Amino acid sequence: MKKKKIILMIIAAALLFGGWYAYSEYNRKVKDLSKVSADVHFKTVELVAQFEKDENAANALYLDKVIAVNGTLKAIEKDDTNNYSLVLGDENSMASVRCSMDQEHITKVEGLMTGANITVKGACTGFNADQLLGSDVILNRCVIQD
Amino acid sequence: MKKTLLLLTISFVLGSTLIAQEKYFTKSGKINFTSKASLENIEALNKSVTAVLDTKSGNLQFAVLMKGFEFEKALMQEHFNENYLESHKYPKAEFKGAVVNNGEINYAKDGTYKANVKGQLTIHGQTKPVETEGKIQVKNGKILADAVFGIALADYNVEIPKLVKDNIAKIVNIEVDCTLDPLK
Chain U
1 MKKKKIILMI IAAALLFGGW YAYSEYNRKV KDLSKVSADV HFKTVELVAQ
51 FEKDENAANA LYLDKVIAVN GTLKAIEKDD TNNYSLVLGD ENSMASVRCS
101 MDQEHITKVE GLMTGANITV KGACTGFNAD QLLGSDVILN RCVIQD
Chain Y
1001 MKKTLLLLTI SFVLGSTLIA QEKYFTKSGK INFTSKASLE NIEALNKSVT
1051 AVLDTKSGNL QFAVLMKGFE FEKALMQEHF NENYLESHKY PKAEFKGAVV
1101 NNGEINYAKD GTYKANVKGQ LTIHGQTKPV ETEGKIQVKN GKILADAVFG
1151 IALADYNVEI PKLVKDNIAK IVNIEVDCTL DPLK
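Line order of the protein sequences matches chains U and Y.
Residues 1 to 146 in the working numbering are what the first sequence lists, from first letter to last.
Residues 1001 to 1184 in the working numbering are what the second sequence lists, from first letter to last.
Errors might be hidden in some of the hints.
[To be verified] Pulled a few chain U residues facing chain Y out of the computed Cβ check, cut under 7 Å: (1) Ser24; (2) His41; (3) Lys43; (4) Asn117; (5) Thr125; (6) Gly126.
None of these hints come from the bench; they were simulated from the model.
This one's a predicted model, so the numbers in the text were calculated from it and none came from an experiment.
Backbone N, C-alpha and C define an ideal beta-carbon position, used for all residues, glycine too.
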């Protein structure tokens, strides 16, 4: 009799845990990158060079990885819905790293000046090779690193 | 003398802005997709869409990185990339086409115009023809382009497991919203 009770209790606990796990997993949010440390660090020009050399190889290495890039801030772009993109890289080159900023962390963006040397951390979503517009490595959900 | 110089400067400045720009572009266009199914609605937004419009020929191109779609829930984003769209294998979606009624749009004059767009859409390695009616708004030297259309997941070989077939719509709605700047 006692044994039966214990087994029932274990099953109930397992169900409860399973339910809780499924619920929290279902509602899990995408990670805030300010709380995640970077998988790799790069100078902007080095990262761009890797994608320009072999896009497929660089995709295999860096897609979804949290990358911290350091370089010159070439441009700050703000759209009509207050989304910011920071463009980093060599000022004499058309190629850049474009960082789409996490809207939860834009207060630091507002004080920035072009020409500054900054480090930005973001999730790599890939590369757009473009002769006309200049090629870009894209980082998403970016935050500025101190 | 001063007056002539001033007039010359004014006409030069005006003249240079009046020279029509042919190509317009953005690197921060938005594409939103919505799946409305009986069990749940799923929505995702990509804010780093590249688009180029040649106003002379009407040629229009979009490039979208699949990993750039942001979902409210992390699990959906992971399933989208890993199971359904296989973004590691097919990292990019592309549209190559044209505004068919380009002649009816006066890019030099502010206004809202109907734009019939036709072209080839590549998603998940599959290329299919698409056609939709969008809107082009010329405003203060910029072009605002938007369109809404539906695509069938089956057309692009996106397989949805039976277990979640009531969670994901067979036809998803794609919403394009881009502000294009003149290419200098």
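Notebook entry, point to check: Which hint numbers doesn't this structure obey?
Noted result: 1, 2, 3 and 4
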